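Just need the whole structure built from these sequences, with the hints factored in.
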Amino acid sequence: MADEPDWDDIFRSQPQNDRPGDTAGGRRGDSGDGESGRGDGTPLRRSTHREAPALSRREQRERERQADPVVVTPSDDEDERSRRRATREPRERRSKKGPIVLATILVLVLAGGTAGVAAAWGQVQPLIAKFTGDDEPADYAGSGNGTPVEFAIVSGQVGSDIAQNLADAGVTQSYESAYSVLLSNPSMTFQPGTYTLQQQMSAQSALDALQDSANRITNKVVIPEGTAAADVYELLATATSIPIADVQAAAADHTSFGLPAEATSLEGWLFPATYELDPGKTAHDYLQDMVTTMTEHLQSAGAQPADYQKTIVFASLIQKEAGLADDYPKVARVFQNRLDQGMLLQSDATVAYGTGNTHRVTTTDEERGDANNAYNTYVHEGLPVGPISNPGDLALNAALKPADGTWLYFVTVNLDTGETAFSTTFAEHQAAVKQWQAWMREHPEYQ
Numbered sequence: 001m002a003d004e005p006d007w008d009d010i011f012r013s014q015p016q017n018d019r020p021g022d023t024a025g026g027r028r029g030d031s032g033d034g035e036s037g038r039g040d041g042t043p044l045r046r047s048t049h050r051e052a053p054a055l056s057r058r059e060q061r062e063r064e065r066q067a068d069p070v071v072v073t074p075s076d077d078e079d080e081r082s083r084r085r086a087t088r089e090p091r092e093r094r095s096k097k098g099p100i101v102l103a104t105i106l107v108l109v110l111a112g113g114t115a116g117v118a119a120a121w122g123q124v125q126p127l128i129a130k131f132t133g134d135d136e137p138a139d140y141a142g143s144g145n146g147t148p149v150e151f152a153i154v155s156g157q158v159g160s161d162i163a164q165n166l167a168d169a170g171v172t173q174s175y176e177s178a179y180s181v182l183l184s185n186p187s188m189t190f191q192p193g194t195y196t197l198q199q200q201m202s203a204q205s206a207l208d209a210l211q212d213s214a215n216r217i218t219n220k221v222v223i224p225e226g227t228a229a230a231d232v233y234e235l236l237a238t239a240t241s242i243p244i245a246d247v248q249a250a251a252a253d254h255t256s257f258g259l260p261a262e263a264t265s266l267e268g269w270l271f272p273a274t275y276e277l278d279p280g281k282t283a284h285d286y287l288q289d290m291v292t293t294m295t296e297h298l299q300s301a302g303a304q305p306a307d308y309q310k311t312i313v314f315a316s317l318i319q320k321e322a323g324l325a326d327d328y329p330k331v332a333r334v335f336q337n338r339l340d341q342g343m344l345l346q347s348d349a350t351v352a353y354g355t356g357n358t359h360r361v362t363t364t365d366e367e368r369g370d371a372n373n374a375y376n377t378y379v380h381e382g383l384p385v386g387p388i389s390n391p392g393d394l395a396l397n398a399a400l401k402p403a404d405g406t407w408l409y410f411v412t413v414n415l416d417t418g419e420t421a422f423s424t425t426f427a428e429h430q431a432a433v434k435q436w437q438a439w440m441r442e443h444p445e446y447q
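Under the numbering used here, the residues of the sequence shown are numbered 1 to 447, in order.
Everything labelled a hint here was simulated from the structure, so no lab data went into it. Among the hints, a few may not be true.
[As the list claims (entries may be wrong)] List of simulated lysine-lysine pairs, DSSO-like, C-alpha gap at most 27 Å:
{"#": "1", "residue 1": "330", "residue 2": "310"}
{"#": "2", "residue 1": "401", "residue 2": "310"}
{"#": "3", "residue 1": "330", "residue 2": "434"}
{"#": "4", "residue 1": "281", "residue 2": "330"}
{"#": "5", "residue 1": "281", "residue 2": "220"}
As the structure is a prediction and not an experimental result, all values here were calculated from the model.
Pasting the structure below:
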């Protein structure tokens, strides 16, 4: 009562990490100065996905009830008129700023529990209880009725969004039930993703389930090493249900991904790996993740920023031509020796890429003689004009650190096992080519 702090006193005493206008009432999206932490360290930003109701049922009831004073208790020497004024004015002030205060607290709570919020919680919680009234919000009992519900948490949502969406999905009985649990548990954090819940769960059990990784539906997209960009777009569209046209449109704006000036597309820059799907991400977001990951791996391999594009072009060629892990540095050495001696690289993989068919390993005499194919290294000297695949770590490392050797030729003599013959002289190479041709006759499915 008289010895309890007012709302304004509490918030004046806390560190001013956010401006009041940025945390109360209408959230302002990704302002950058009000992020809340998740378990994985990814910011959980405010969003404009859904506004919480201006007043909960309890708040509406509290406004209507004739209650005892909450903040101000008149002194004994005041007259009855002063007493009545003292009991009413605080309630009127409270009803005006109540939704703003509650929204502010929830944003602060989801901000990861800063020192100021943690210190204030012991003071704030009793006032919240008094402010919201004694009646309990409508809530189911137990952990659900057995009917499964797939529930998505999207990047940028805050606690009020989650509480409202739980009610909308029929998981909880009311927005207020989940919202009040969030208020009383400031340490709760959530990771984006899709979770398996049930209909008619208690608010506590629903929120507990959202923090249990066992309930998370792990959706992923796998990008194999050596995949061409066009196939990456197809894989991404299939995994995410984003229309392929949207993925292709995002990729077409290649200058928006922070690539070197000499890069003319995303080809080669989409690092092959397994990426978890986030229902809140756009096609551009996913592609940017792949580009960022490629940059990180280039740095780890020791590439210099000025050489990133050249390294990727070289590595993409190695990725398509090498088979076994031990052969990557040898293939790199063959190509480097040929470049050093001014020889044509004569890679079938480059010719195939230039024809638009990236799924085959052989080419025809006519295709190898086509000078209109800019990627044709049987005709054009040096490295191809651009990457022909998206290389992984083995290829990146090999491009930067070729093996020692004098080889000028190689041919894979067994496509099933990846066995490759490396030769220094043309005669040695011709013998290996005959071995490969014999294997191909026995395996027409590869032609």
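Pair hint residue 281 and residue 330, alpha-carbon separation not exceeding 27 Å
violated (40 Å)
27 Å Cα cutoff - pair residue 330, residue 434:
holds (21 Å)
Agreement of residue 401 and residue 310 with the hint, judged by alpha carbon distance not exceeding 27 Å:
holds (14 Å)
With the threshold set at 27 Å, check whether the alpha-carbon distance from residue 281 to residue 220 stays at or below it.
holds (13 Å)
Is it true that the CA of residue 330 sits at most 27 Å from the CA of residue 310?
Given pair residue 330, residue 310 holds - Cα atoms ~19 Å apart, limit 27 Å.
Of the numbered hints stated above, the single one contradicted by the structure is hint 4.
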